[in-house]
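*Asks:* Listed below, chain by chain, are the residues.
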Amino acid sequence: CNNWLDEQPLSAISEASFWTSESDAMLALAGCYRQNNFTINSYNNEHLILTSNTDDSNYKESATGDIYTGYMRPSDWEVVRSIWLRAYKTIFKANYFLENIDRVEMDDVKKAEITAEVRFIRAYEYFYLSLMYGDVPLITKVLTISDANTQSRSLLEDIRDFCIDEFSTASVDLPATRPDDEKGRILKAASLAVKGRLLMIEKRWSEAASTYKEIIDMNAHIIDPRYKALFEESGENSKEIILSTNCMTSLYPNANNQTNYKPQMYGGYQECNPTQRLIDAFLMNDGLSIEESSLYDPEHPFDNRDPRFYANLFLPEYTVWEGKLYLGHPDLTSDGIKTMPGGTGYCFKKFATEFYDGGLHNSGDDIIYIRYAEVLLSYLESKLENGDNVTQELLDQTINKVRGREEVNMPSVTETSPDKLREIIRRERRVEFCFERHIRYMDIRRWGIYLEVMNRQIYGMKLTDDPDNYTDYPVEKVGKYRGHYKAFDKTGTITPGMELLPIPLYEIDINPELRQNTGY
Amino acid sequence: LDAYAQSKRLSLTVKNETIVNILEEIENQSEFHFMFDVSRIDVYQRKSVSCKNQLIRNILDQLFEDTGITYSINDRQVLLTTTGKIDVEQQKTVTGKVTDSGGQPLPGVTVVVKGSTTGTVTNADGEYSFTNISENATLQFSFVGMRAQEIVVGSQTSINVRMEEESIGLDEVVAVGYGTMKRVNLSGSVSNVGSKQLEKRTVTTTSSMLQGQLSGVSIRSLSGNPKSSSATLLVRGQGTFSGAGNSPLVIVDGIESSMDNVNPHDVESVSVLKDASSAAIYGSKAANGVILITTKTGLTGEPVFSINSYFGKHTPTYIPEMVNSWEYAMAYNEALMNIGASPRWTAEEIQKFKSGTDPNYPNFNHMDYIWDSGSGIESKHNINIKGGTFRSQYMFSAGYYDNQGLAMKNSANRYDMRLNLDTKLRDNLKFNVKIYGDKYYDKEPSSRNGTGFSDIVRGALRLPNTIPGPTEDGYYPYYETIHPEADINSKSFIKNSNTFFSTNANLSWNITKDLEINGQVGYNYRALENKNYIATYDVTPNFRNSLNSLRVDWLNWNDLTMQSIIKYNKTLNKHAFHLLGGVSCQSYNHQYLSAFRDQFPNNELSEIDAGATAHATNSGSASRYKLTSLFGRVNYNFNERYLFELNVRYDGSSRFPKENRWGVFPSASIAWRLSQENFFKNILPWMNNFKMRASWGSLGNQSVGNYPYQYMISLGQNYPFGNEYSAGAAITSVANKEISWETTRITNFGLDITTLNNKLNFTVDYYVKKTDDILYNISVSDMLGASPNATNAGSVENRGWDFELSYNNAIGDFVYGASVIYSLTHNKVLELYGDLEKDIARGLFVGHPIGSTYGYVSDGLFVDQDDVEMAPTQPFGFLGEPGDIKFVDLSGPNGVPDGVVSSTYDRTIIGQPLPISTYSLNLNGKYKNFDISLMFQGEGGRKDMISMSHFYAIDNLGNVQKWIYNSRWTAENPNPNADYPKIRIVPTDFYLSNKVDFFVKDATFIRLKNAQIGYSLPDRVLNKTFLKRVRFYVSGENLFTLTNFYKGWDPEISNQILWYPHSKFYAAGINIDF
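Going line by line, the protein sequences match chains A and B. Each residue of the first sequence is one higher than the one before, starting from 1 at the first, in this note's numbering. Each residue of the second sequence is one higher than the one before, starting from 10001 at the first, in this note's numbering.
Extracted from the complex, chain A is given alone in its bound form:
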């Protein structure tokens, strides 16, 4: 009778029979790819919050609450705990993979390649964790329950060193290019590019420059002549893309691109509101800023701008989308909707596809993490900060390639004086990567300007030319932003420490020895 009671799982594999063949290894590899921090397909508020933890955008609730007391509180699930949980889930899968892969008999080259992929996946999680939470426990083996409940935080340097080593090691066995049927799997450039980010954060400029040079010398990537299409399904095979989530309609759909950012009048959630300062950061199409250019007309502020301006943004009473003029004025009652509090009148367009008719939560749009444009701009920045001589040739090979792509075609940069060039590079990054995953968030922190740019009044669109006699909505009375909507005042609300997420309260409730970040 005892044998009658022996029941084996009917729809899962028993561990005892796993780790034998190459196909087992490939199953485990796909398992490691699934839903890690660069392959999530439903990122919902996370991206919005991180974007709003910059000076580029205002999350709609941050207008009235405040993201730091909102999503960025220790008890939060949607952002604070979910990034953490996803990271350590992936780390567990990777550790388990790396502890067992040697049991599999398969071709050594292939084995080395997939091992490198998993090491990248694990190191990427630590890169991301350290970016978000600072020092976190560094776990490189499968834990038991009691081990997991008694971890303490490792030194930040140790985590970064670990990541840099791992990315270096992984890049050796990763291929520079992949055939179409391997799209979505990690490329050598990705491993080097994340390593470069870490080196830049650590201000190890010469190492960063040589890491980026290594990518450039591979000649595996290009600057695509297209810009807007890169962020839509049609451009997802571009050689410019180095790291992205490989989304597929229905099976592994992008749940957010076609819903979160679009204005409500097009069925979107309009959750992020670009700030006036971001609007103003876009140059005129003569290559000059709005302050300097003669093309700038305050009466028609949206005319004659950098083409990326129109690719990235919905502009009130200016952008025509799906045949209809976009309206963003706060007293709008079209369709009975008043614009959200904290709305600025602007919306992000980058990831929206015009005339999209698929499922709103079910698009095939890839989610871009790293593009070759970043490699070029980071290379230039590393060279500059390292004190290397910046030549016109270097500018032409880097920044001018990025802004000179056919669809953008902005005038070339010729400035080589370090201080001025630094500002140009920073503005270029802000505009080029506008709203792309955590790049601005990372940049303002490593440039040391986070507290400065965050503690400001957030302005929205211009509502009146006569602010003194205007009473409908609060508007700025003086200065550069005279007549602009005062969307939200963050002055004095951002204190040191807030650039990091808190450690999830769930973890501290289990393990009170796990120190909380300052300010929470």
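Since the hints were made in silico from the structure, they are not lab data. All values derive from a computational prediction rather than experimental measurement. Ideal placement from N, C-alpha and C gives every residue a C-beta, glycine not left out. It is possible that part of the hints are untrue.
[Stated by the list, open to error] To be clear about the criterion: a stretch of chain B counts as covered by chain A if any three or more of its residues have a C-beta under 8 Å from a C-beta of chain A, and this derived list gives those stretches:
hint : region
1    : 10341-10347
2    : 10631-10637
3    : 10698-10710
4    : 10768-10782
5    : 11005-11011
6    : 11065-11071
[Unchecked claim] Heads up, simulated DSS-like pairs for lysine-lysine below, C-alpha to C-alpha not over 30 Å straight-line:
hint : chain 1 : residue 1 : chain 2 : residue 2
7    : B       : K10354    : A       : K486
8    : B       : K10409    : B       : K10352
9    : A       : K462      : B       : K10352
10   : B       : K10424    : B       : K11028
11   : B       : K10570    : A       : K141
12   : B       : K10962    : B       : K10759
13   : B       : K10681    : B       : K10574
14   : B       : K10052    : B       : K10015
15   : B       : K10495    : A       : K324
16   : B       : K10626    : B       : K10838
17   : B       : K10737    : B       : K10770
18   : A       : K183      : A       : K213
19   : B       : K10681    : B       : K10770
20   : A       : K490      : B       : K10567
21   : A       : K477      : B       : K11001
22   : B       : K10770    : B       : K10182
23   : B       : K10182    : B       : K10759
24   : B       : K10626    : B       : K10491
25   : A       : K350      : A       : K141
26   : B       : K10570    : B       : K10296
27   : B       : K10409    : B       : K10531
28   : A       : K490      : A       : K462
29   : A       : K141      : B       : K10737
30   : B       : K10658    : B       : K10626
31   : B       : K11024    : B       : K10196
32   : A       : K486      : B       : K10770
33   : B       : K10491    : A       : K324
Got chain A; can you put chain B on it based on the hints?
*Replies:* Then chain B, alone, in the frame of chain A:
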């Protein structure tokens, strides 16, 4: 009198068949009924008969030729006698009439000559007759609901009997594990309720019907949604915090099943085995108590038809009232100003809302739109036919109900059918078969997210009245992501179709008078088809949900039970023994299949084939587990005075590893009926029954995942490589190779008292129920990276009291009864894992009840700025102004208040979601043709908050409840005792993830659960018709509630995520018997 015999013609052709079977066949074809004494008449001799259209006499003459059997016909009764032997005893004829306590004739009463199979049934006039009956014979009269009587024939030739309605009490037989027992002989703790008390309720499910009927059983109905109208049950509190759950084991007619797959009208009785001695015979599944449901069986005699129908209407008990549009605009402005932002609406706009002339400034109540959209009409119809011959009885029933929700397109309906057949194959061989099937449908409208009606409800709760309703040209408001009116009017739906089928066959053989062997096979099959359709529809002129899709899930569960029992009952002088042994094997199977497609050509097509294949997906899974058991019982009583019982069960489960697979679950109980002692009778002669009981036993709970001890590599962890969705696998849960069941030990002391001429019954039980080795999913750091399977750790104790008091009496024509049930349970976690003192995420704290709410403590609201400055540093920077909740500094790193309110040191237990007491009061009365019953029911001691984000004002920019608006703190009226703090815009779900006792409220309530008034047509009217009983009634459910809980929220709800108001239900119905 022989008219029937003179007219009824039969055809019969049998070859070499036993006489008994031939007689049975005649009985089947006709209304004739044969009576004989097997000890005298050889009915097992074989004969052949061939007749066509013959009168009964001709057939019988042919049949009994050369058999030594003669017969006499009395109307439809045929008495067989033998010509062979000459009986030495004097034979005589006895006739009589049976009446009820009111003197009305009782048809259908079974009259049996004790110790024989000779018997008859009273006719329509309550009359019976026997011929050739011995003076020594004893006649037994029995009838359902009446106390059985025995009368010695002696010299009487006419015996008239007046049957008394059975009072609750001494002779009552109740179902116990694998058998029945007289209530007086019980030594364990069993609550029992019969169909008479249950039939009053106008409910659709058996679980809701039991509410307030059983002591020690707490039943809560969580939602008014017709789709999920079943209620949750707890027997003697929540015994465990494990994933294994707290659901009692439900046994229907001896086979494990589910309570809501029984039509409430088919229920004959329900027993709840509360203590370990009663339940231990069910071993590793019994820890949460066992509920035994017995369905009705047929009766001997003419068919009796019962029809029961009602129609009624639901209206919500409570629905939160929302503010008007102008109030919302003002509240919203205030909330903005309270955080230092500028108002959103100008005074002119607010005036526009008030005047209502501008369609852009409406006052549209979205809640009313949703909750007024359905009819709320419910109707239910049942027919029940009972009857049978002396050898075979049948009970057939069929039922139908249809429940239209409070919202449109939201409904449930069910069809069910049952056949219970009992047959004596031979005198010592009984066979019964029960066949039951039901088909249950429910449906609800859905949103574009495919999450069903709850999404629409949340939308309606959230949308302020400033957002207009549907427009005349067919468009809808759209606010943020929500548009409940567009969703409810769209063709999106979720539909479930449930099929349940069960068969159950039981053969029992009395090898001797005392020894019985019994085999039973039961098979349950349940299939669920779920369809989730998202339609295309226009929301606004600019926005259309442009992609339709369908997901279909097919699930089925099937369970097979095979069991065999041997019973030995022996009474020697005053010693009575009941022995039982058994073996059972059970296998549980589950399968799942799911398919998805989109791009359907239109919204009318909702079969999977109609969708495009481009995005088609499918998935599936299966699982199985098994259980093997041996069990036994020894029951002994001396003169029904000293009672002893031992039970043991030995269980093996496939869910556990070989080493930990088998478990033993013993129990013992004793009882002493003092009322049987002479000394007691002398002192307290008016005490009809006085019994003291004590029991102890051990039970198990094994409801964990099916393969918890095996490391499983889950499939389906896929990721796209190229354009292929590459198969992936990963460990998602960590196995526990040492896992075994959790064990519950219950010690029980009880007292049963019956007095005042059996009119007053009182039962009290005190118990200590302790669960150890709980299958505990300990909160593990996310850094483990996978979810661990349960570990056997931790223990929980429930101590409690169950009281039952009932009184029944009659004063002249006025018959009345009252009963009170009161249960008290104190639940406490004794131990967690190792020396862990708290597991905050699971609400577990040593020394406190399971599921305790953990959060901050408040001390009212900040009065003014001085108050703020005096207070400790508040935990949330953006709070802490006059009118905000004042958080209290309880402790600090050094164990004393440190001037800072922090999440680490200043949270404590602030609420308990489990009731401490449950109570009910049943009153019923009958005067002549009128009857009335009232049932009050309630819960005490639950302290809970509303776990729904839209409860809180302007949460996620949502609406504001009227009571909040009316009693909030404002700068103009800075009341430090206001019911709601200063309204401000807080982050979504802020108060749900940062709980504070300010929002925890006592959910104690008592409600008039049911009231019913009935009128039965008098006999003088009925006598002229074929009808036996006609009763009209009106009934109401949830008529009123007394509670201090939040205004607009039913205190019975607890799962607010799927909030759907409970309903008042007014119905009118009719019962007809003929």
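*Asks:* Checking each numbered hint in turn, tell me which of them this model violates, lowest number first.
*Replies:* 2, 5, 6, 8, 11, 12, 15, 16, 19, 20, 21, 24, 25 and 32
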